[in-house]
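Enquirer: Sequence:
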Amino acid sequence: MGYVNEWISAEDWEKYDFNAINKRRAIRGGADRYWAIDRDREIWVKLYLVSRDIDYDTEIRTYWDFYWKGGLVPIETKALKRSRSEDGVLYGYIKILELEIPENILRHKSEILQEFKAAIEASFL
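According to the working numbering, the stretch in the sequence shown is residues 1 to 125, in order.
What the hints contain is simulated information worked out from the structure, not anything from laboratory work.
It is possible that some hints are incorrect.
[Unchecked claim] Cross-link-like lysine to any residue pairs, in silico, SDA-like; alpha carbons within 20 Å at most:
| # | residue 1 | residue 2 |
| --- | --- | --- |
| 1 | LYS15 | VAL4 |
| 2 | LYS81 | LEU49 |
| 3 | LYS117 | ILE101 |
| 4 | LYS117 | VAL50 |
| 5 | LYS109 | ARG41 |
| 6 | LYS23 | ILE101 |
| 7 | LYS81 | SER51 |
| 8 | LYS23 | ALA10 |
| 9 | LYS81 | TYR67 |
| 10 | LYS78 | GLU121 |
| 11 | LYS117 | LEU97 |
| 12 | LYS69 | SER123 |
| 13 | LYS81 | LEU47 |
| 14 | LYS117 | GLY71 |
| 15 | LYS15 | LEU72 |
| 16 | LYS117 | THR62 |
| 17 | LYS117 | ARG41 |
| 18 | LYS69 | GLU11 |
| 19 | LYS117 | ASP40 |
| 20 | LYS69 | ILE21 |
| 21 | LYS95 | ARG61 |
| 22 | LYS69 | GLU111 |
| 23 | LYS117 | PRO74 |
| 24 | LYS117 | GLU42 |
| 25 | LYS117 | GLY70 |
| 26 | LYS95 | SER123 |
| 27 | LYS69 | ARG107 |
| 28 | LYS81 | LYS95 |
| 29 | LYS78 | GLN114 |
| 30 | LYS78 | TYR91 |
| 31 | LYS15 | ASP32 |
| 32 | LYS95 | ILE60 |
| 33 | LYS117 | TYR67 |
| 34 | LYS78 | ILE96 |
| 35 | LYS117 | ILE60 |
| 36 | LYS81 | LYS109 |
| 37 | LYS117 | ALA79 |
| 38 | LYS117 | GLU76 |
Construct the complete structure from the given sequences, taking the supplied hints into account.
Expert: Right under this line is the structure:
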């Protein structure tokens with residue numbers, strides 16, 4: 001089926017215990033109730049927080065919750081370049097600054113990174 005962008009239902013909010021996920025960080029965010037999810041493979045990505053410099057254009061950092069086959073992988077990224085094509089499509093490049101892969105899925109790091117890329121791309125469609 002692939003990724004679907006949708007509002008997180010109350011059932012899914014409880015199933016993945018987003019209340020606990022949102023409390024685990026020193027920074028506060030987690031208000032966004034949208035995600036991109038592949039239900040068949042039980043993989044999802046949710047934007048946790050966007051942090052910008054005071055001038056709102058210098059640096060944009062994003063904090064993501066990425067769930068991969070039973071493991072939660074918090075990921076921090078930085079926007080490197082943004083541009084718009086002639087037909088108005090926005091393109092961007094991000095750099096992963098930090099990611100915390102749980103020990104039980106660490107051996108799948110390259111697959112996790114590939115899937116994170118696919119999930120992020122789907123979340124902007």
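Enquirer: Take the hints in turn and mark each one as holding or not.
Expert: Quick rundown of the hints versus the structure:
no.	hint	result
1	LYS15 / VAL4	18 Å, holds
2	LYS81 / LEU49	19 Å, holds
3	LYS117 / ILE101	15 Å, holds
4	LYS117 / VAL50	18 Å, holds
5	LYS109 / ARG41	17 Å, holds
6	LYS23 / ILE101	18 Å, holds
7	LYS81 / SER51	16 Å, holds
8	LYS23 / ALA10	18 Å, holds
9	LYS81 / TYR67	26 Å, violated
10	LYS78 / GLU121	15 Å, holds
11	LYS117 / LEU97	14 Å, holds
12	LYS69 / SER123	18 Å, holds
13	LYS81 / LEU47	19 Å, holds
14	LYS117 / GLY71	17 Å, holds
15	LYS15 / LEU72	13 Å, holds
16	LYS117 / THR62	14 Å, holds
17	LYS117 / ARG41	15 Å, holds
18	LYS69 / GLU11	18 Å, holds
19	LYS117 / ASP40	18 Å, holds
20	LYS69 / ILE21	16 Å, holds
21	LYS95 / ARG61	9 Å, holds
22	LYS69 / GLU111	11 Å, holds
23	LYS117 / PRO74	14 Å, holds
24	LYS117 / GLU42	16 Å, holds
25	LYS117 / GLY70	18 Å, holds
26	LYS95 / SER123	17 Å, holds
27	LYS69 / ARG107	13 Å, holds
28	LYS81 / LYS95	10 Å, holds
29	LYS78 / GLN114	17 Å, holds
30	LYS78 / TYR91	14 Å, holds
31	LYS15 / ASP32	17 Å, holds
32	LYS95 / ILE60	11 Å, holds
33	LYS117 / TYR67	13 Å, holds
34	LYS78 / ILE96	7 Å, holds
35	LYS117 / ILE60	18 Å, holds
36	LYS81 / LYS109	25 Å, violated
37	LYS117 / ALA79	14 Å, holds
38	LYS117 / GLU76	13 Å, holds
In terms of the numbered hints stated before, the structure departs from hints 9, 36, listed from lowest to highest.
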